[in-house]
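Trainee: Sequence:
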Amino acid sequence: MTNFIGREEELSFFNEHYNSKSGELIIVYGRRRIGKTETISHFCADKNPVFFTCTQTEDSNQLKNFSQKLLSFNLPQSQYITEFSNWELAFLAIKDIPHKENRKNIVVIDEFPYMARVNEEIPSILQKLWDTELKNQNIMLILCGSSMSYIEKEILSEKNPLYGRATGIFKMLPMPYSDSSKFFPGWDSKDKIIAHSILGGVPFYLSQFDESKTLKQNICSNILKRGSILYSEPEFLMRQELREPTTYNTIIQAIANGKTKFNEIQQSTLIEKGKLSVYLKNLIELGIVSREFPLFSTEKEKQNTQRGIYKLKDLFFRFWYKFVFPNYSSLEFGDWENIYDAIVEPQLNTFVSFPFEDICIEWMRIQNKEKNLPFIFTHIGCWWDKNVEIDIIAANEDKSKIISAECKFHNDPVNDSDLEKHIKKDLSTLKKKEGAEIAYWYFSWSGFTKEASEYANKNGIRLVFGGDFL
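Numbered by this note's numbering, the letters in the sequence shown go through residues 1 to 470 in order.
Bear in mind the hints are in silico, worked out from the structure with no lab data behind them.
Heads up, some of the hints might be wrong.
[Unchecked claim] Simulated crosslink set (BS3-like; lysine-lysine; CA at most 27 Å straight-line): (1) LYS281 - LYS300; (2) LYS190 - LYS216; (3) LYS64 - LYS135; (4) LYS135 - LYS95; (5) LYS313 - LYS302; (6) LYS450 - LYS425; (7) LYS64 - LYS95; (8) LYS281 - LYS153; (9) LYS261 - LYS421; (10) LYS159 - LYS128; (11) LYS401 - LYS458; (12) LYS153 - LYS300.
Just so you know, these numbers come straight off a predicted model, no measurement behind them.
Given the sequences, and given the hints that come with them, work out the whole structure.
Mentor: Now the structure itself:
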């Protein structure tokens, strides 16, 4: 896939700051492979930026490489030097880059953490020059990084000299289904949904799949087959970000296998509760795990460690720890096709059911934004209590109007008994306004039986067929 896909929000963000009348200091970060460099490159395609990618090298070598990149842009200093003697002079030279047609000059420092970790004075130097010189120039300085923990805990923290200097901060996230599906225009909706559920909206991962091949062929050759790019990808990311990958592997596999409550994870891993809390917090900060609560939970309720459930937010991690990690011995032996036939394929629909709920929520958000729903909702998410679980609850601000929706990704169409079970669920403990109107919806990938359609018409249930909106 060579065409640039999606990222309209990010490009709009960059263009807004590019078109401003003041200097711009932008910080962009996100997990590895998320598409930061490609998106910035696409934005800069017609703007002739200074694009410097930091490497894991000594400070003196980094300064030499950065100097050579800057001096190649016809700086006055290039007539008499080949390298700046220190970082202050190098960064100060940014203001000397010749302007073309009074357009804003762009300087991108990609993988900035590699530069700042080796020389801890660099943020202070940049802060001083930004305050005294650079912020008044017609420039756009973009600092980009994949080390999310370093960016958030160091660069964006109050203790860092650059704190409060950024004019824009953008954390790049995985693509929504509406964009990831565009990677495979020739596939039917079901295969697009499965691909998104496995690869998680990460552009690099999506680009590894070839739509001229079947879904099975892609999963086998690009994930399950030893030596393929995605075969060891989560292990690489874990080693890059975390010091104890073995412990984190144990925790993530427990969650992948359905241990979603804190006590369940603790009993499965036998990790001390205090340490487990820290490990889970780190995984949440990295975007690998999320802790979810029923919609309308209070902040006090969220402080209770016994409440909430842990899920693998990163969909590719979810697939990898479900199917690759526990079958490593067989896969190392090259038995990937049998692993797919005996283990992956039989569980695929069940595996996709949770991401399918998020895809349905995404569709509802789009409809809400376009004012295509019966009311404007300001709350949406899943809801449960001790006895009842609802896939999607959407409500207006005062909770006087509520949509209760179920989502099913099955091969068989939903029947009337499924609909009856849905509308008879006890919602009495759901915090709602007295006399609130509740509308019932049902999303089904495989459609509905004739009896279900008749039951829905009689009881005012809205049926949404997956093939119609995906």
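Trainee: State for each hint whether it applies.
Mentor: The hints, checked one at a time:
no. : hint            : result
1   : LYS281 - LYS300 : holds (18 Å)
2   : LYS190 - LYS216 : holds (13 Å)
3   : LYS64 - LYS135  : holds (25 Å)
4   : LYS135 - LYS95  : holds (10 Å)
5   : LYS313 - LYS302 : holds (18 Å)
6   : LYS450 - LYS425 : holds (23 Å)
7   : LYS64 - LYS95   : holds (19 Å)
8   : LYS281 - LYS153 : holds (13 Å)
9   : LYS261 - LYS421 : holds (26 Å)
10  : LYS159 - LYS128 : holds (15 Å)
11  : LYS401 - LYS458 : holds (21 Å)
12  : LYS153 - LYS300 : holds (25 Å)
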